[in-house]
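Heads up: the protein sequence lines correspond to chains A and B, in order. Take 1 as the starting number for the first sequence in the working numbering and just add one per residue. Take 1001 as the starting number for the second sequence in the working numbering and just add one per residue.
Errors might be hidden in some of the hints.
Said to hold, decoys possible - Chain B is faced by these chain A residues, among others (derived, beta-carbon under 8 Å): (1) Ala-125; (2) Thr-129; (3) Ile-164.
Claimed, not checked - The following label-pair restraints were derived from C-beta to C-beta distances: (4) B/Thr-1093 with A/Glu-212: 52 to 60 Å; (5) B/Asp-1207 with A/Glu-212: 53 to 61 Å; (6) A/Glu-212 with B/Gln-1092: 51 to 59 Å.
Since the hints were made in silico from the structure, they are not lab data. Ideal Cβ placement from N, Cα and C applies to all residues, glycine included.
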Amino acid sequence: MHAASGSPPSSGAEPAHAGRSAAQPAGTATDFAGQADFAGKADFAGKAVLEPADIGRALTRIAHEIIERTKGAGDVVLLGIPTRGVPLARRLAERIAQVEGHQVPYGSLDITMYRDDLRLRPARALGPTQVPPEGVDGRIVVLVDDVLYSGRTVRAALDALNDIGRPRAVQLAILVDRGHRELPIRADYVGKNLPTSQQEMVRVLLAETDGEDAVLLGDDDEHSQHSRPSMHSRHSPGGRP
Amino acid sequence: MNRHLISAADLARDDALLILDTAEQLAQMADRPIKKLPTLRGRTVVNLFFEDSTRTRISFEAAAKRLSADVINFSVKGSSVAKGESLKDTAQTLEAMGADGVVLRHSASGAPQRLAGWVHGSVINAGDGTHEHPTQALLDAFTMRRRLGRLDGLRVTIVGDVLHSRVARSNVLLLHTLGAEVTLVGPPTLLPVAIETWPCAIGYDLDAAVPKSDVIMMLRIQQERMNAAYFPSVREYSRRYGLDAARMALLPEHAIVMHPGPMNRGVEIAAEVADAPRSTVVEQVANGVSVRMAVLYLLLGGMSASTAGTAGTAGTAGTAGTEVPA
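Please model the complete structure; the sequences and the hints are all you need to start from.
Structure (structure tokens):
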């Protein structure tokens, strides 16, 4: 479903990206969120770049930064992008509540129907969209996702948000920023900047969805598959399992 | 999932669940201020109706428009069909217009199957003769799951004119796939030949079936298709196979009453039953839009069927196994 969090690039929507070969594969593991073949760590031999404690510390710092930048997080709404942005939004809400002593509304925002690469692949299952009862009008919405890559997921999320209401401001919190942006999008809160090559894959695992916390970095061992427009090179040859 | 939706039997369990889960997500949209998604922008959906139907056509039209598709309504009156154009000629016209999806309602059983062989787009059966009406079955299953929380093991009793009912046939096939136990009840004259080969139980006594039902679905007596005497009088039919307040009282507490509409109040369903809180008639109409959006999205939302070829088929099947994330 969400895919584009880290969604690769080139491959997809625009054939020849400046300065980059359209043939390049690229794909973050996170793209597979929701894919049937996604099986967790076992099928992905990567090295851990963030341990559970690192993820915890990064989220705690982001929570503090949100509080600081929004002057107490009084009118903040956290919206996670499925799959892994959703538990991250919840964890941030918990941390903010611990510090500030008030609950911050959180929910989820599915962007599948707003993706720019829908026509490149068969229709995919939708994720949940749950907007807290407070709504988003006049509030500061913080979008939360696991990996920031091409920026296409975030673009889709902004469109989706537009159909739900009119926030006073929209900010972006991300656990891992791996670079290679294809759109003029940046994160306001970053857990870790992770310089990567496009041949590498980043996979975020979370206890809620994968049974454990970790951020893994590994080689995309199928980057020889040039022709396919799929973003999910490694795990879904042919665009699908 | 196949490129077309012609029969409820074409849907594997995973396909059907994917449609219901997708519809569940789309149903939330009904509460939003902006009830529109950009997903099918630039795609053309033709509603091709050779038989009168207000609610099904409107439901498909609303579904397609909420997904931003261009909708062309093509109904018999005022079209060349009335001048004798054949289904094949119409198909070629649609093909020339570049229809990505064709929603077909036809009085001849099997018409969608024929059409599917002539066009490149996806064909969605919106009711063919006395054969099938798969999206109705999907919205019925969706309504049952929403009200009762499950489909597996659910006891569903479908009552009345099964012989002329495409709704009954599609429901039996789909509900069987989804694990429900279906019982058909009606006068022997209104049960089709070879019904014993259907994956369901058969009964002739409504009073015996009612207390054992989680869902009771009343079928419309289709006067327009009745060219013979199937029962002595409407009054007698109503006494034996109509759902009135007294019969409704025999239902288990949690059971729901369904009707695909349009209702013959006082014939197969009493007015007080139709308007009871456990009646889902109005809900079914609302759910119809969500379910049809899901079908249109899953058939037309991805790679276009004509270019995707087999990849499209394999692909949707792949996602079908996907768990909807919490």
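That 51 to 59 Å hint for A/Glu-212 and B/Gln-1092 (C-beta), does it hold up? 58 Å, holds
Regarding B/Thr-1093 and A/Glu-212, is the given constraint of 52 to 60 Å on their beta-carbon distance met? Hint holds: Cβ distance 58 Å, inside 52 to 60 Å.
Holds or violated: is there a CB of chain B closer than 8 Å to the CB of A/Thr-129? It holds, given that the least Cβ distance between A/Thr-129 and chain B is near 6 Å, below 8 Å.
Okay, B/Asp-1207 versus A/Glu-212 on CB: inside 53 to 61 Å? Cβ of B/Asp-1207 to Cβ of A/Glu-212: about 57 Å, so the range 53 to 61 Å holds.
Do the numbers back the hint for A/Ala-125, that is, is its least Cβ distance to chain B under 8 Å? It holds, given that the least Cβ distance between A/Ala-125 and chain B is near 5 Å, below 8 Å.
A/Ile-164 as an interface hint toward chain B, with CB separation required under 8 Å: Constraint on A/Ile-164 satisfied, holds at 6 Å.
Of the numbered hints given earlier, the model fails none.
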